[in-house]
Structures are given as structure tokens and as C-alpha cells.
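Colleague: Letter by letter, the chains look like this.
Number of protein chains: 2
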Amino acid sequence: MQLPEKVSIREVGPRDGLQNEDPVATADKVRLLDALSGTGLRRIEAVSFVHPKAIPQMADADQVWAAAKPNPDVRYSALVPNLRGARRALEAGFREIEVVVSASDTHNRRNINRSTEESLDDLAELIAALHDGGASAEVIVATTFGCPYEGDVDPARVAGIVDRVLADGADRVAFGDTTGMATPRRVIDVVDRVRGAHPDVPLLLHFHNTRGAALANILTALQLGVTEFDASVGGLGGCPYAPGASGNVATEEVVHMLHDMGVDTGVDLSALIDVAREAERIVGRELPSGVLRAGPRVPGLG
Amino acid sequence: MQLPEKVSIREVGPRDGLQNEDPVATADKVRLLDALSGTGLRRIEAVSFVHPKAIPQMADADQVWAAAKPNPDVRYSALVPNLRGARRALEAGFREIEVVVSASDTHNRRNINRSTEESLDDLAELIAALHDGGASAEVIVATTFGCPYEGDVDPARVAGIVDRVLADGADRVAFGDTTGMATPRRVIDVVDRVRGAHPDVPLLLHFHNTRGAALANILTALQLGVTEFDASVGGLGGCPYAPGASGNVATEEVVHMLHDMGVDTGVDLSALIDVAREAERIVGRELPSGVLRAGPRVPGLG
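Here the protein sequences come in this chain order: A and B.
Last residue of the first sequence: 302 in the working numbering, with the numbers rising by one and none dropped.
Last residue of the second sequence: 302 in the working numbering, with the numbers rising by one and none dropped.
A hint or two may mislead.
It does not matter which identical chain is used: a pair holds within one copy or between any two.
Below are the SDA-like pairs computed for lysine to any residue, each with C-alpha atoms no more than 25 Å apart in a straight line [to be verified]:
| hint | residue 1 | residue 2 |
| --- | --- | --- |
| 1 | Lys6 | Asp152 |
| 2 | Lys6 | Ile188 |
| 3 | Lys6 | Leu224 |
| 4 | Lys69 | Glu280 |
| 5 | Lys6 | Gly225 |
| 6 | Lys6 | Arg185 |
| 7 | Lys53 | His198 |
| 8 | Lys53 | Thr26 |
| 9 | Lys6 | Asp171 |
| 10 | Lys69 | Ala25 |
| 11 | Lys69 | Gly160 |
| 12 | Lys6 | Arg172 |
| 13 | Lys69 | Arg277 |
| 14 | Lys53 | Asp22 |
| 15 | Lys53 | Val298 |
These aren't lab readings, by the way, just hints derived from the structure by calculation.
Produce the entire structure from the sequences given, and follow the hints as far as they go.
Modeller: This is the structure:
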């Protein structure tokens with residue numbers, strides 16, 4: 001089995017994770033962020049700059065970021081939904097910024113009352129604004145591997161969106177398995193197609209463990225040469241279907257499997273598990289992470 | 001990605017699953033068994049014939065099997081720990097019988113107060129008795145991918161056990177990931193070694209999802225040409241570490257991933273999910289199956 005030597009994990013617990021949990025105190029968010037910054041993770045999605053009425057969980061994004069102690073060895077990013085959010089993110093000092101569009105028209109409309117096509121027009125403007133502000137722009141394509149409303153999503157549609165956003169200047173693309181509909185077959189379909197058209201564009205995958213296949217999907221992507229993945233400490237971020245069920249794949253489960261396979265992540269697994277325990281305390285519920293529950297398969301997996 | 005066209009799943013919920021849950025009523029066991037027999041599954045581990053004081057959950061094995069309505073298209077098996085159990089299983093009419101030995105000496109001693117070597121001597125006698133009774137003998141090698149007491153288990157040790165039991169007449173071998181310590185790397189190590197020495201021996205893998213890697217491990221094994229897997233409806237069988245955590249990989253998660261990848265299992269996924277719901281009712285706790293919670297990624301996955 002051919003695998004990359006190194007993988008770059010972007011920790012999304014502080015943003016994507018906490019955004020999908022009941023609101024927690026600003027001080028807890030800062031503590032989580034700072035703790036993650038000391039685990040060896042080299043990329044962290046810190047906050048999103050969204051309207052506080054739409055997403056009260058992120059209403060204190062400016063305060064969280066102002067209070068955090070960034071580690072100079074970590075790349076921090078923020079997610080923004082629009083120009084107003086982009087201005088806030090730039091003012092806060094972020095230089096890696098993510099924007100989102102859904103590959104499924106229905107999903108995009110239900111989320112923001114715009115068609116995918118209309119959102120792509122907005123993104124072109126947004127990408128330009130981010131570049132003007134000195135930031136890079138990553139476009140996250142949500143529902144890449146399936147849509148809870150439309151079902152299967154044609155990889156050709158995903159590839160078309162990639163063509164468009166790259167033409168509009170996007171620096172990187174990410175593919176979100178928004179409701180855990182990916183399987184290895186879907187991963188191969190999308191990655192082969194996008195890589196075929198754009199072999200050199202940085203590409204990141206974001207899996208949910210909703211149906212148990214997150215690590216199988218990551219293993220598949222590794223075999224295709226993908227080296228960038230999102231993951232959420234403890235599996236923070238819940239699930240759209242049921243309390244207790246899995247949403248974001250847990251960072252420690254990803255790191256655990258990769259380390260046992262000899263793939264370097266730079267992460268101190270033991271320190272990460274400590275942070276997952278703290279995350280569990282912060283949200284006040286049991287998080288869906290097997291490695292948090294059971295510990296590493298052997299001590300000292302690094 | 002090269003995958004087999006067909007996979008044979010052995011459902012272990014009625015035995016391995018229920019044996020690791022709080023005891024349930026005989027009638028519920030029979031209902032579960034009969035319901036599974038109607039899902040298209042072609043192999044079911046029905047009961048074990050063990051001492052009722054050691055494992056009260058299986059004290060009514062004879063009654064369960066006598067009351068069940070076997071489907072002629074399904075192969076049923078039973079697990080036995082010793083000659084006494086073997087006689088009971090043969091008398092009950094089983095012709096596919098499993099016996100267990102642990103690759104880890106410490107694990108074997110803690111379970112049955114015998115060394116692995118002593119157990120192998122017992123197995124030789126047991127295999128002969130099963131053959132005399134007209135049954136086939138499958139040897140399950142527990143802790144193949146790691147031991148909670150000893151840590152890593154040398155694949156050479158596993159291979160040595162396989163050599164021995166095959167020399168003693170075993171018809172098939174199975175490898176148990178007893179506490180969920182397998183990763184794709186461990187799967188490759190063991191399967192390559194055993195297949196290299198015994199290319200034609202039927203080989204089955206039994207994974208736990210304790211650390212989230214069960215489907216990644218199955219995907220790895222599929223790529224190595226393995227076509228036989230255990231799985232437990234709903235993920236019945238709990239976990240040695242914590243209530244609510246995962247033990248046996250859930251059958252519907254395996255079937256779900258395989259069907260979306262075009263691998264045939266013969267199982268009616270929708271019927272299987274109905275049985276998982278019934279299993280949840282029987283044990284009275286939420287089972288750790290994402291596909292049970294969230295449903296298939298699209299309707300009609302078969």
C-alpha cells in the first residue's frame with residue numbers, strides 16, 4: 001500500500017466543531033484553541049466571522065481570537081460567509097481564509113437562499129477582496145460526496161465548480177462530506193476527476209464519520225496521494241441526525257491510525273487526547289471518539 | 001482500487017453480540033435470529049455452547065436453537081470452548097463449529113488459565129472430535145492484531161499458530177481484533193504473512209470498531225483479496241472499555257459501504273436496518289451504528 005510519508009491535518013474543532021455544539025463560554029474557546037496550539041498540530045481553523053444571529057456560537061469570534069495566544073509555528077485560518085465577514089477576518093489579522101459553496105443547489109438554497117451559481121458569482125468577488133487584503137482564499141465545496149436533499153452529487157458538477165473558482169483565483173480547494181455520505185468509491189470519483197484537471201492545486205478533504213466510513217475514506221485518499229485533511233478534536237461538532245452520533249471525524253482517531261501506519265503528522269497524540277478530554281468537559285457531553293474512550297492501541301504511539 | 005465482486009458476511013450478533021450484552025430473554029434471542037435469517041445474510045453465528053456459570057448470556061443456547069426457524073439458505077455456526085461444548089453443538093445439529101485460541105499468551109491465560117501452547121494442544125483434540133462428529137472446525141485466533149496486556153503481537157507468532165492448527169486439521173482460520181487494535185498496517189502484516197504460507201486456506205477477519213478503524217481495516221483486507229468478514233447487527237456486543245463505545249463493527253455499516261462500492265453481499269440493507277432497530281429494542285440501549293442512526297446515504301442502496 002503506497003502512502004504519503006507526511007500528512008497535514010487542519011484541526012477544525014474550535015470553529016466547525018464548536019459552531020455545531022451548544023454555545024460555550026469565550027474563555028473555554030480560548031483555552032481549547034491555546035491547548036490545541038501546543039499539540040504539534042500545524043494548522044487550526046480558529047473561528048468564523050458570521051452574523052451572530054445566524055450562528056450565536058461564533059458571536060465572540062473577535063474576542064476569542066484577541067485573547068488567544070497564537071503559536072508562531074501554527075497556521076490559523078478563519079471561515080467567512082461574505083464580504084462583511086471577510087473584512088472582519090482581515091482586520092483580525094487572518095491571512096488564510098475559507099469560503100464555502102455547496103455543490104448541491106438545493107443544499108445551497110436551503111443554507112443561504114442562493115443557487116450554487118449565484119454563490120459562485122459572490123465567491124468571485126469575495127476571493128478578490130481576500131486577495132486585496134493580502135489573504136489566501138480556500139474554497140470549500142460542501143456536499144461534494146452527496147446531499148441529504150438531492151442524494152448523489154455528480155463529480156462532474158464538483159469538477160465544474162472547481163474549474164470556476166480556480167479561474168476566479170481561489171488558491172486552494174477543499175471538499176466537505178457535509179452529512180457523512182462519502183464512501184471510498186465517492187472519494188476516488190471526485191479526487192481522480194479534480195486531480196486529473198488540476199494536478200497541482202492544493203486539495204484538502206473534510207470527512208464526517210456519520211456512517212462509520214471516515215477513516216476508510218481517509219485511507220482511500222491517502223492511497224490517491226492526498227495529504228491534507230480536516231479533523232476535529234474529540235469529534236467535536238455533533239451530527240445533524242441525532243445527539244451522540246458522529247459528525248466530524250475525531251482528530252485523535254486520524255492521528256492514531258496514521259501514526260500506527262508510519263505516516264507522520266507532527267502531532268503529539270497523548271497531548272491531543274488530553275485536549276479531547278478537555279473538549280468533552282467544555283461541551284459537557286460524551287464525544288464520539290473511540291481513541292479518547294479507549295486510549296491508543298499501545299502506549300507511546302506518539 | 002481492486003476489490004472483490006462479492007463478500008461473504010458472517011453475522012455474529014446473536015452469539016458474539018448478545019454474549020457481551022446484559023442477558024436478554026430467550027424469546028428475544030430467537031426473534032433476533034429469525035429476523036436475521038430473513039435479511040439475505042448467508043452466514044450466522046447463532047449461539048455458543050459454554051458453561052452457564054461462565055457466560056450466563058448463553059445459558060439457553062439449546063432452547064434458542066431449538067426454537068429458531070433456520071433458513072435453508074443460511075449457514076449457521078456455533079462456538080465451543082471445549083469437548084463438552086463440542087458435543088452439545090454436534091447434538092444440536094451444528095456442522096460448522098468455531099473454536100478459539102488467543103495469539104497472546106497473557107490474554108489466553110487470563111481468559112482460560114492456559115498458555116497458548118496448552119490451548120493449541122487442546123484444539124488438536126477438539127478439531128478431531130468435531131471432524132469425528134461430521135462438523136468442520138474453524139479456529140479463531142484472538143488478539144491477532146494486538147493484545148491489551150502485551151501490546152503488539154508479532155505476525156510471525158500468529159502465522160505459527162496458523163501453521164499448527166492447519167497441521168492439526170483446522171478447515172478454516174479467522175483472525176479476531178479482540179479489543180480493536182487493528183489498523184490497515186497490521187491487517188497487511190498478518191494477511192500477507194498467512195496468505196503467503198497458506199494461499200488456499202479460507203480466511204475470515206473479525207474487526208472491532210473500538211478506535212474507529214474497522215471499515216478502514218475491512219477496506220484494506222478487501223484490497224488484499226479477503227472476502228470473508230464477521231460483523232454484528234447494530235454493532236451489538238459493546239466494548240470492554242466503556243458503555244456506549246464500539247465493539248463489533250456494525251453489519252449495516254459494512255454492508256452500506258460495500259454496496260456503495262459495488263461489492264455484492266446478498267444482504268437487503270433496509271431489512272437489516274430494521275433488524276438493527278429491533279436489536280436496539282431488545283438490549284434496551286442505543287447501539288453504536290451510524291447507519292442505524294442516520295440511515296443509508298441515499299434511499300435504495302439495497
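Colleague: None of the hints should be skipped; say for each whether it holds.
Modeller: Comparing the hints with the structure gives:
Within a single copy, lysine 6 and aspartate 152 get their C-alpha atoms only as close as 31 Å, which misses the 25 Å cut-off; across copies the closest is 23 Å, which meets it. Taking the shortest alpha-carbon separations for lysine 6 and isoleucine 188, both the intra-copy value of 20 Å and the inter-copy value of 20 Å come in at or below 25 Å. Proximity of lysine 6 to leucine 224 under the C-alpha cut-off of 25 Å is found in both arrangements, the shortest distances being 14 Å within a copy and 24 Å between copies. Proximity of lysine 69 and glutamate 280 under a CA criterion of 25 Å is satisfied intra-copy only: 21 Å inside one chain copy versus 46 Å between copies.
With identical chains, the CA atoms of lysine 6 and glycine 225 are at most 25 Å apart within one copy only, with a shortest distance of 10 Å there and 27 Å across copies. In this homomeric assembly, lysine 6 and arginine 185 come within 25 Å of each other (Cα to Cα) both inside a single copy, at 23 Å, and across copies, at 16 Å. Within a single copy, lysine 53 and histidine 198 get their C-alpha atoms no closer than 38 Å, and across copies no closer than 64 Å, so neither meets the 25 Å cut-off. Only within a single protomer do lysine 53 and threonine 26 lie at most 25 Å apart by alpha-carbon distance; the minimum there is 17 Å, versus 54 Å between protomers.
In the homo-oligomer, the alpha carbons of lysine 6 and aspartate 171 lie at most 25 Å apart inside one protomer (21 Å), although the nearest pairing across protomers, at 42 Å, exceeds that limit. For the identical chains of this complex, lysine 69 and alanine 25 are intra-copy neighbours only, at 17 Å inside a copy versus 57 Å across copies, given an alpha-carbon limit of 25 Å. Taking the shortest alpha-carbon separations for lysine 69 and glycine 160, neither the intra-copy value of 40 Å nor the inter-copy value of 54 Å comes in at or below 25 Å. Taking the shortest alpha-carbon separations for lysine 6 and arginine 172, only the intra-copy value of 19 Å comes in at or below 25 Å, while the best inter-copy value is 38 Å.
Within a single copy, lysine 69 and arginine 277 get their C-alpha atoms as close as 21 Å, which meets the 25 Å cut-off; across copies the closest is 47 Å, which misses it. Within a single copy, lysine 53 and aspartate 22 get their C-alpha atoms as close as 14 Å, which meets the 25 Å cut-off; across copies the closest is 46 Å, which misses it. Within a single copy, lysine 53 and valine 298 get their C-alpha atoms no closer than 45 Å, and across copies no closer than 32 Å, so neither meets the 25 Å cut-off.
Violated hints, in rising order: 7, 11, 15; the structure is consistent with all others.
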